[in-house]
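Just so you know, the sequences run in chain order B and A. Residue numbering for the first sequence is 21 to 333, as defined by the working numbering. Residue numbering for the second sequence is 101 to 730, as defined by the working numbering.
Take the hints with a grain of salt, since some may be wrong.
[To be verified] Dumping the calculated DSS-like pairs for lysine-lysine here, alpha-carbon to alpha-carbon at most 30 Å:
id : chain 1 : residue 1 : chain 2 : residue 2
1  : B       : K246      : A       : K514
2  : A       : K514      : B       : K293
3  : A       : K348      : B       : K297
4  : A       : K226      : B       : K246
5  : B       : K246      : A       : K708
6  : B       : K293      : A       : K605
7  : A       : K518      : B       : K246
8  : B       : K293      : A       : K518
9  : A       : K143      : B       : K293
10 : A       : K605      : B       : K309
11 : B       : K246      : A       : K105
12 : B       : K309      : A       : K637
13 : A       : K348      : A       : K301
14 : A       : K605      : A       : K637
15 : B       : K297      : A       : K275
16 : B       : K246      : A       : K568
17 : B       : K309      : A       : K336
18 : A       : K594      : A       : K125
19 : A       : K502      : B       : K246
20 : A       : K518      : B       : K173
21 : B       : K246      : A       : K594
22 : A       : K220      : A       : K594
23 : A       : K125      : A       : K443
24 : B       : K309      : A       : K568
25 : B       : K89       : A       : K568
26 : A       : K336      : B       : K89
27 : A       : K708      : A       : K568
28 : A       : K275      : A       : K226
29 : A       : K487      : A       : K105
30 : A       : K637      : B       : K297
Rather than coming from a laboratory, the hints here were simulated on the basis of the structure.
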Amino acid sequence: MTLFDVVFSGNDTVYGLTESAISDAIAKYGADKAVAFPDTAYSLPCYYAVTGTKVGNLGELKEALGVVKTLMTREQKLNDAFMSGVATALCAEFIEVLKYIDGAVPYEAPCYGHLGDPVIRELGVPLVTGDIPGVAVILGAAPTAEEGVALVKSYQAQGILVTLVGGIIDQCEAQGYKTGANVRVIPLGKDVTSVVHAVSVAIRAALIFGNIQPGDAAGLMEYTMKRVPAFVNAFAPLDAVIVACGAGAIALGFPVITNEETFKVPKSLIVQKDVSKFNATSLEARDIKIKITNIDIPVAFASAFEGEIIRRG
Amino acid sequence: MGNFKLTSVEEFEAATNRLLETGAKVGADAWQFRVKNQTPHCKFGEQGVCCRICSMGPCRITPKAPRGICGCDVHGIVGRNFLRFTAGGSATHSDHGREICHTLHTVAPDGNYKVKDPDKLIRIAKEWGVETEGKNIYDLAHEIAEMALLEYGKPFGTQRFLKRAPEHTQELWAKAEIEPRAIDREVATALHMTHMGCSSKPEALIRQSLRCGLSDGWGGSMCGTEFSDVMFGTPKPLDTEANLGVMKEDYVNIIVHGHDPSLSEMICDYAEDPEMIALAKSVGAKGINVAGVCCTSNEVAMRRGIPMAGNFLQQENVVLTGACEAIVVDVQCIFPALGPLSKCFHTKFITTSPIAQMPDSEFIRFNAETAGENAKLIVRTAVENFKNRKPELVHIPQLKQKATVGYSVEAIVKTLDKVTNSQVDVTGTTKPLIECITSGVLRGAVAMVGCNNPRVRPDSAHIDLMKKLIANDIIVVLSGCSAQAAARAGLMDKEARELCGAGLKRVCELADIPPVLHMGSCVDISRMMILASELAKDSGLNISQLPLVGCAPEWMSEKAVSIGNYVVATGIDTFLGVEPQVTGSSEVVGLLTDGIRDWVEAAYTVEKDIDKLGDLMIQRIEEKRAALGI
Ligand code: SF4
Ligand code: SF4
C-alpha cells in the first residue's frame, strides 16, 4: 500500500465510526439535541476554524459530516492526503464532542480531554513569547515505561509543553510521574481521537493570537506551520488511523517522529528507531532552539515547574 | 504571497511584435518572415526519405520508387539520415568539450584561466586513478586535461566517465554493444556507416545513433561540464533576472551568445574592469551591462548570476531593441541572420571562433592563450560603439522576472542536506529526494530540455508543460533554452511555489528552492545523467525504474537529437513535442518508440499536442510508481 492509501484507509475508518456515532446519537437524542465543548467560544474549534461554520446540535453535526466527506478526495496526491488528515481530525472532534452531550464529564483524572479557552489563553502567551519553546504531542506507548517517562521528562526540562495520548498516560502513571496542566504535562485521553484536543489548542492559538479568520483554512495551515512549534512523537505500532492523524499534523506543519519503520518524508515524517533520540530529532525537525541554558542542578529545571505544588515529604 | 505573477506567452509576443515594428522601420528581416517563406516544408525532407549522400542521387522514396538507385530502401535512408543528424549533434557538443579541455590545459596561477574548483579536479583525478597526493594543482590540471583530450581519440577502451553510471546501466550498454569508445571515433564511425554502400539496416544504424549519443552525453558534454566547473567554479544557487528587460537603456549592453564559457567568462571579467567602466563613462554610459542569450547565457548565469536576456528565438530581439552595442558569439545556434540584422542597427556582430564564421560580422579571433587581450578588445569595441547608438530606435521591453539558478548536482545535494535530520540521516546523498518520491509527496521528476522551434509557439510548450507538471507535484529540472523559457516566465522565482501542488509546494518551502531547477546549459544535461545515476544508486533501483522522464517539447537542433539519444540510452523515457524526421520509415519509428526498449529499457514518445504530451509524461511516471508499488 502506498503511504497515501494508508492515510485514506485510516480516514475511512474514522469516518465510518463517526457516521455511526452521530446516527446513534440522533436516534437516541433527536437531531435538535445541543452539542458543545465546555468553556469555549469557538464551537467545535477545529471544524469552525477550517470551515467558518459553528455547529450547535446533532442535526448540524450530521450536515457538517457531509462537508467533511467532501474533503475526502482520493487522488494519489499530497493535497488529498493532507485533506484526509484534516478530515480525520474533524471526525475525531465530532466523536469527542458527542462524549460531552448533556454536560457529561467524560474524562477523569489524570486525563483532561477538551481544554477550555482559559487554558489556551494562559498557555498562549508563553508560546508566543517563546517561553514555551514547543509543544510535544506524544501518542501511544513507548517501548518501555522508563523510556516513555524519560522522554516526557526531557521535554519538560526544556520547558516544552507536553500532551499525552494513549498508552504513554498509563506509563506515566505506572512510574508515578506527576502530570497536570500546572507542570505542563497534560494527559488528554486514552482513545486516539482525544489527540484532537491537542490540535484544538494549536488551532485556537491561531484564531486567538494569529487573528486567523474562521474558514480561512489555507491561512490557518500557514499560521500553524510557521508559528505553532508543535510536533508529534508517535510510538510503534502505527495503525492506519494514527497515520491518518499524522497526515493531519503534517498538513498543519507539525513533523511526526516515529520509531516504526515506515515511509519517510524529510522534515515531516521521520523514522527514529532510538527513542532516547526522539527529543533531539524532534527539536531539529521543528527547528526548535532551546533558549534556557542548562543549569547544572540535580533536578529538572524549567518554567514547566513554576506551577508545581511542593508537597511535604 | 506578495504580488507574484508569471509573465505570459502573450506578453512575450506583444514585446516581440513591438520590436518587429522597429525592425520594419529599418528594413530588418526576421525569422518570423523566413518561416513563412519556407512554408510548407518539403515532405520528403520532413519524413527523412530523401537521400543525397552520393552523386547518383539525390534519391527520394515514393510508393512508385521504393528504392534509391543503389537499392537502399526507405528504412535504410531514414536510418542513415537519423544517424547523421545524431553525429552532427554529438560532434558539436564534443568539440565544445574538447575546447574546454584545451583551455584547461592552459591554466596557470597567473594565466587567463585558473583552477577555481580544485576539489572537483581532485575528485575527478581520483576517479580516473590519478595520484593526487603532493601534486601541484596546476600540474594535476594539465595531466587531467591531457587524459581528457585522449578520451577523444584513444585507440582502445571505452569512455572513462561511463563508470559513473550504475552497474546495471553499464551492463546494458555492454550487452547492447553501445558503450562509446573514443568520442570522435563514434562520430567517424557514424559517418562511415552512413556512406553509400555501408549500413542500411535500421537496427545497426539506430544502435550506432545511441552509441554516438552516449559518446556525447557521457563523453564530450560531460568533459565540457566537469572541466568548466573546475575552471569557472561549480555552480551554487544564486539570484539573477531574465528576459529582455535586463538590458539597460543607459548602459553599454554587451550580449554574449553561443556556448563556450571560456569566452563569456572572460568578457564578464573585462566588463568589470575599472578601466573599461571608466571608458564607458567617458562615452556617456553609466556602465557596462552584460547579458546572455542561449547556452552561454546559462553558463554565466549559473556561475555569476549574469542576467539572461533570452533564448534561441529571442536572439534577433536583442538586436531589435536598438540598445545592443555588441552581440558577441562563439559557436552553435547563432543565426547567420544576425549579420545582416546588425547592419540595420549600430550593433556590432562579433564572431570569435574559426568554427563559426559568418558574413557581415566582425571577426575577433579568440583563443585561450590570448583570451585576456581578445576579451578586452571585444569589450572596448562594444563600449566605443555606444556613441553610435540611434536613440530613436531604442526600445527595451520592460519585462523581466527574478530567477534563482545554479543547481548543479553538487548544489542539489547540498540543498537536500538542509532537510536531513542529523539524528537519523547521512548527508551528501540524494536520499531526501528519493524519500519525497517514494512517499508520494513528489510524484516524480521531469528533465525538460531543448530549444525553441517555430513549429511550436515559442516557449508556450515549455511553460505550459512546466505549469502542468508542477501542479501535479512533479519536480522539473531544466537546461538550455527550456531553462530560459522558465526563467523569463518567472517559474524560477521561489514564489512560483504557489503554482505547485501541495507536495511540491511543501518541498519548495522546506528546501527553499524554486519549483523548477536550473541545471545549466545543454552540455550540462550530463549533470542530469549524473543525478539520475546517483538517484538510482542511492535508491537501489535501476534508472529505468525511477519515476523520471525527459522531455524536449520545442527541440530543433542536431544536438537535441544527440541528447535525446543519450538520455534514452541512459534508461530515461524521452518525450518529444516536435517530430524527428523519421516518419517515412515504420521500422525506424518502431525502433525509436519501442524496439530500443529491449536494449536500454527506455524509448521515445512523440506527441505534437503539447497538453497530451504532458498527460503522457504524467501517465508514464504513474506507471513507474505503480510498478514499484509506491
Ligand atoms: S546512396 Fe543510394 S539512395 Fe542515397 S543518393 Fe546514393 S544512390 Fe541514392
Ligand atoms: S537549447 Fe537548443 S537552441 Fe538553445 S542553445 Fe541549446 S541547442 Fe541551441
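Hint-by-hint comparison with the structure:
The suggested pairing of B/K246 with A/K514 holds, with an alpha-carbon distance near 24 Å, which does not exceed 30 Å. A threshold of 30 Å between alpha carbons decides the hint, and for A/K514 with B/K293 the separation of about 25 Å falls inside it, so the pair holds. A threshold of 30 Å between alpha carbons decides the hint, and for A/K348 with B/K297 the separation of about 56 Å lies outside it, so the pair is violated. Using a Cα cut-off of 30 Å, the hinted pair A/K226 and B/K246 is violated, with the two alpha carbons roughly 45 Å apart.
In summary, the hint linking B/K246 to A/K708 is not supported, as the alpha carbons are separated by about 43 Å, beyond the 30 Å threshold. Proximity of B/K293 to A/K605 is assessed by CA-CA distance (about 28 Å); at most 30 Å being required, the pair is judged to hold. Between A/K518 and B/K246, the direct Cα distance comes to roughly 18 Å. Compliance with the 30 Å bound is thereby established for this hinted pair. Simply put, B/K293 and A/K518 have alpha-carbon atoms about 21 Å apart, close enough for the 30 Å limit, and the pair holds.
Proposed proximity of A/K143 and B/K293 is contradicted: the alpha carbons are some 65 Å apart, above 30 Å. Only pairs whose Cα atoms come within 30 Å are accepted, and A/K605 paired with B/K309 is accepted, the gap being roughly 25 Å. Our distance criterion of 30 Å between C-alpha atoms is met by B/K246 and A/K105, whose separation comes to about 24 Å. Pair hint B/K309 plus A/K637 does not hold up; C-alpha atoms about 35 Å apart against a cutoff of 30 Å.
Straight-line distance between C-alpha atoms of A/K348 and A/K301 comes to about 55 Å, which puts the hinted pair past the 30 Å bound. For the given pair, A/K605 sits about 26 Å from A/K637 by alpha-carbon distance, which is consistent with the 30 Å threshold. With a C-alpha separation of about 48 Å, the suggested pairing of B/K297 with A/K275 is violated against the 30 Å cut-off. A hinted pair counts as satisfied when its Cα atoms are at most 30 Å apart, and B/K246 with A/K568 qualifies at roughly 28 Å.
A hinted pair counts as satisfied when its Cα atoms are at most 30 Å apart, and B/K309 with A/K336 qualifies at roughly 28 Å. Of the pairs offered as hints, the one joining A/K594 and A/K125 is violated, with about 40 Å between alpha carbons and a cut-off of 30 Å exceeded. Among the hinted pairs, A/K502 with B/K246 is consistent with the structure: their alpha-carbon atoms are about 25 Å apart, no more than 30 Å. Annotation: proposed proximity of A/K518 to B/K173 holds, straight-line Cα distance about 29 Å (limit 30 Å).
Proximity of B/K246 to A/K594 is assessed by CA-CA distance (about 17 Å); at most 30 Å being required, the pair is judged to hold. Pair hint A/K220 plus A/K594 holds up; C-alpha atoms about 28 Å apart against a cutoff of 30 Å. For a cut-off of 30 Å, the pair hint linking A/K125 to A/K443 stands: about 13 Å separates their Cα positions. At roughly 39 Å between alpha-carbon atoms, B/K309 and A/K568 are farther apart than 30 Å, so this suggested pair is violated.
Between the alpha carbons of B/K89 and A/K568 the distance comes to roughly 27 Å, so the proposed pair stays at or under 30 Å and holds. Under the criterion of a C-alpha separation no larger than 30 Å, the hint pairing A/K336 with B/K89 is inconsistent with the structure, at around 46 Å. Distance check on the hinted pair: A/K708 and A/K568 sit about 16 Å apart at the alpha-carbon level, within 30 Å; holds. Using a Cα cut-off of 30 Å, the hinted pair A/K275 and A/K226 holds, with the two alpha carbons roughly 27 Å apart.
Using a Cα cut-off of 30 Å, the hinted pair A/K487 and A/K105 is violated, with the two alpha carbons roughly 37 Å apart. Of the pairs offered as hints, the one joining A/K637 and B/K297 holds, with about 28 Å between alpha carbons and a cut-off of 30 Å not exceeded.
Violated hints, listed in ascending order, are 3, 4, 5, 9, 12, 13, 15, 18, 24, 26 and 29; each of the other numbered hints is respected by the structure.
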